[in-house]
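Note that the protein sequences, when read in sequence, are chains L and E. Each step along the first sequence adds one to the number in the working numbering, with nothing skipped, and position 334 is 334. So the working numbering is basically just the index in the second sequence, starting at one, shifted up by 1000.
These aren't lab readings, by the way, just hints derived from the structure by calculation. Where a beta carbon is used, it is the ideal one built from N, C-alpha and C, also for glycine. Hints may contain errors.
To be verified - Straight-line C-alpha distance at most 20 Å; calculated EDC-like pairs for lysine to aspartate or glutamate:
(1) Lys53(L) <-> Asp1485(E)
(2) Lys1478(E) <-> Asp44(L)
(3) Lys31(L) <-> Glu1372(E)
(4) Lys176(L) <-> Asp44(L)
(5) Lys1111(E) <-> Glu1138(E)
(6) Lys287(L) <-> Asp188(L)
(7) Lys160(L) <-> Glu1138(E)
To be verified - Examples of chain L residues toward chain E, derived with CB under 10 Å:
(8) Phe11
(9) Ile13
(10) Val14
(11) Ala18
(12) Ile20
(13) Ser32
(14) Phe39
(15) Ala48
(16) Met54
(17) Ser98
(18) Ser101
(19) Lys126
(20) Gln128
(21) Ala137
(22) Asp193
(23) Asp196
Chain residues, written in single-letter form:
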Amino acid sequence: MKKVIKRTSAFLIVIAFAIILFILLLFIGDKSKGPLENFARAVDNGVAKFEKKMVGGNTREARSASLKWFDRYRNNKVRINYPDTIFLGAYDNNTAESYESIVSLEDSLKLKLPIIQLYTAWGSKKEQVFPLLRAQAIYDLGSIPMITWEPWLNDFDVQKYPVNAAADNVNRGGMKAIARVKYDEYIDTWAADAKDFHAPFFLRFGHEMNDPYRYPWGPQYNKPEDYIAAWKHIVDRFRKIGADNAIWIWSPHPAYKTYEQYYPGNNYVDWIAVGALNYGTVETWSKWWSFDETFKEFYAKISTYDKPMMISEFGSLEVGGDRVKWYKDALDSLPYKYKAVKAVVFYNNSNDNTTSYKTFDWSITKDQQVTSTIKKSIANWDKKVKK
Amino acid sequence: MKPKSKYDLWKFREASPSGTIKKMVLAILVLAGCISIFRLFNWWFKAEHVASLPLFLILTFIFWWGIVRMVILWVSYLQISKPEKKEALQNLSVAIFTTSSPGEPLSMFEKTLAACARITYPHTTYLLDDTKDPRFREVAEEHGAVWLELIGISGAKAGKINAALKQTREDFILVLDPDHIPFPNFFDEVLGFFNDEKVGYVQVSQAYYNQYKSFTAKGAAEQTYGFYGPTQMGMHGRNCAVAIGANCTFRRKALDSIDGHGIGLAEDLITAIRIHAAGWKSIYTPVIVSRGLVPEDLGSFCKQQLKWARGVHEVLFAEVPRLWKKLSLWQRLSYLTIGTYYFSGVTMVLFLLIPYFFFLFGWLPANMDFVEFLLNWLPVGLFGLIIYLYVQQWTCHPEKERGLHWRGMILKFACWPVFFRGFILSLKDADIPYIPTAKQAAKGFTIFARPLIFHLVLFLITVASVLIQRIYFTPEAKLSLTSGDIWGMVAFAAIAFLMVVGGIYAAWQSQKIKQEDPWMNVDLNKIETKKIITEI
């Protein structure tokens, strides 16, 4: 009997200690995950920087050389916020490994694009940090990064950011939670990383916040004043940390006339942007809208805010109208009719499945008629408005 | 320093006994290690990790092959036990068989036979000679050994042993390699175990005294420390300790029951598995009661490994299936594990190829996040390391044999072409090709270094072409976004490259070994046989 007790207790002790040891290690692993990821990212960035220094020198013609004129803007926040010309840019979806797709678009347009846009979401995953490597890559290519920063709140680690039991959805009242400092740690880290980037960059937070159907930071879960409070809080955090290189773009949806209720105020906004995407007749809910139809009314109201304006997604699908004419009409009139517009970012997404179960191809790189029209229209712009 | 540590070797040593608390700590580590492995397993097999299914399967196989072997080893450690020494009965009839072949140095036999004569338990030493050199007979008789001339017998050493068995009558036979210098108390440590009528053979540790001579010798010795300590002790605990040719004492009845000593490239292992299958017990006692020679130059080392690789596969393919039903569960597992040891030649080749597949064809086996992998793997690696170091308390000579054994690792890695070759040869059931011995190939690198040099060149060419590609051809828009992946892969290839450099160093250094006969420095009067208490 004594032997049985002895053996059983030895057995249990072994199991208990093994589990404790394992849990201890798990705990250490959990704690070191963040630092380890940061370290890995720092190594990644360091290697890229070092390689750029060693390799990227003068062996080949650099893209940045042909964007030399843009340096005086992108390195100076005042000049870029009070633009005396129109900056062109693009978003392209095929940029996982390379920005060559942007270069191809440039080749087909016979011009260089000073703005390169990317989208990134909030969250605790390791890719949901400030995209330093990408920002640096864009900067090295001679452009300025424009980051659309989407406050999805469902990707956060629930241990660190517990979901309120009363809310069935963490996004419900999310803007209020942001304003009430719940996400400060995330915001601060992001801002600190952004500060380390040093150069100015466009930051478009919570776009289309007035669209009642689409994003969780919109009216379905939040009140306009909460959105504004969140906005101001974030900008304040950035200022406190010293991430003054962020250029704040407020970007509502032009179709829902409530947008003015969401404006955080002149002291908190540097640029105002709006998407102008013509879906044509691909869906029951869509029809062929010309650029004027999309933008005119919005412009009339918002241009009075006295901020430089941007078309942050500029594009048209093919079905239901004349795509070439859409681009021609828009670009021919833009610098004269809409003088406050100081930037146009082409939406060159070849695989857009965000609004429908169908996939839309917005890309224009291979559409020669469109690209030659764009080329011609831009060539006709006054010397004064274009570089 | 040197003389002291050298004489240090000539003392009787034994591993510490297992002990309950020590075993419990070990059990805790093993269990925690297994939980960590389970966690790693859980993470590894996710659909999102598969980049290319065939490559992922290969990677999985390489990776888990090593882990499964490690777990088997861990579990066997749990049975570590040291047999309790028993006094030998009086008047047993005991023989020592040692063999001499043409070309072996006479002076070595002088030393070995003199040492045999000093073994205190009454015995008869037999020199199984086919040198046709009259001086060998002279030396044998000078040291009171019986000279048996056994010329033209097939089956190498084992053939001679079988012939000698027919001409002799002793009940217990120690098969002693001629480079091994036995201590006077050899039989006192061994014979008592035969009081148990079921014991078929008693194996003791195999230790060496010429490690100091080269990198290769050190590395080769390092590879054996764990095996002759915790590994064999664990196997002993499950009655599956294996005979290792040298220093194994057999019961004649056991050898008779399997029609004599096994013949083949791994004759010792063949003999062991047959004796186990015939139902005999085996004893492994972790004592150092003799020291011998370990290969000093890379060529000889690789040749030995090739012979074993081929021989061990022979056991795997010919003996294991035949005797399967007669073996116990742990004996099966043990012989399977030993039989597939040299299969690492295949897994290592695949491991080496991963970065080159990436650079040549852009193939990536897995979509794994490096940090995630690290976090899942680190506990496993950590427990692996801790257990590895922890069980070193059961090595026979802990002061000397503890450590990371990095030379041994480099040497094992540098031998991948040898293991691979051995595996291919046994698949084809082909003979080992003729390889000139170290002496004949004294000038220049051993041919075994050729694949290493090829690997070195391949690495350098790859790095050069990556550099050229990056400097002149990779589009600027791609450079920084791919930089981490590319140089990460280069770093991965560099791990293997560093091991290869270590192997080439061993080959280079093998040419510079001082030509001296290590046994000439051994003073038999200084061998100490009293018990040394190493445990505190």
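Evaluation of the provided hints:
Under the criterion of a C-alpha separation no larger than 20 Å, the hint pairing lysine 53(L) with aspartate 1485(E) is consistent with the structure, at around 18 Å. The straight-line distance between the Cα atoms of lysine 1478(E) and aspartate 44(L) is roughly 14 Å, inside the 20 Å bound, and the hint therefore holds. Simply put, lysine 31(L) and glutamate 1372(E) have alpha-carbon atoms about 13 Å apart, close enough for the 20 Å limit, and the pair holds. Restraint check for lysine 176(L) and aspartate 44(L): not satisfied, since their Cα atoms lie roughly 36 Å apart, outside the 20 Å limit.
Distance hint between lysine 1111(E) and glutamate 1138(E) is fulfilled; the C-alpha atoms sit about 14 Å from each other, no more than 20 Å. Between the alpha carbons of lysine 287(L) and aspartate 188(L) the distance comes to roughly 42 Å, so the proposed pair goes past 20 Å and is violated. Proposed proximity of lysine 160(L) and glutamate 1138(E) is contradicted: the alpha carbons are some 85 Å apart, above 20 Å. At its closest, the beta carbon of phenylalanine 11(L) sits 9 Å from a beta carbon of chain E; the interface hint therefore holds under the 10 Å criterion.
Below 10 Å, beta-carbon pairs count as interface contacts, and isoleucine 13(L) has one with chain E at about 7 Å; its hint therefore holds. The interface hint given for valine 14(L) is met, as the beta carbon of that residue sits about 5 Å from the closest beta carbon of chain E, less than 10 Å. With a cut of 10 Å, the hint placing alanine 18(L) at the interface with chain E holds, because the nearest CB-to-CB distance is about 4 Å. For isoleucine 20(L), the interface hint holds, since its Cβ comes within 10 Å of a Cβ in chain E; the closest pair sits about 8 Å apart.
Given the 10 Å rule on beta carbons, the hint for serine 32(L) holds: about 8 Å separates it from the nearest Cβ of chain E. Against a cut-off of 10 Å between C-beta atoms, the interface hint on phenylalanine 39(L) holds, since the closest Cβ of chain E lies about 8 Å away. Interface hint status for alanine 48(L): upheld, as the beta-carbon distance to the closest one in chain E is roughly 4 Å, under 10 Å. Interface restraint check for methionine 54(L): the shortest CB-CB distance to chain E comes to about 8 Å, inside 10 Å, so the restraint holds.
Interface hint status for serine 98(L): upheld, as the beta-carbon distance to the closest one in chain E is roughly 4 Å, under 10 Å. Given the 10 Å rule on beta carbons, the hint for serine 101(L) holds: about 8 Å separates it from the nearest Cβ of chain E. Hint status for lysine 126(L): holds, given a least beta-carbon distance of 7 Å to chain E, under 10 Å. Annotation: glutamine 128(L) was flagged as interfacial toward chain E, and the flag is violated, the nearest CB pair being 13 Å apart, outside 10 Å.
Below 10 Å, beta-carbon pairs count as interface contacts, and alanine 137(L) has one with chain E at about 4 Å; its hint therefore holds. With its C-beta approaching chain E no nearer than about 16 Å, aspartate 193(L) sits outside the 10 Å limit, and its interface hint is violated. Against a cut-off of 10 Å between C-beta atoms, the interface hint on aspartate 196(L) is violated, since the closest Cβ of chain E lies about 16 Å away.
Consistency note: the structure conflicts with the earlier hints numbered 4, 6, 7, 20, 22, 23.
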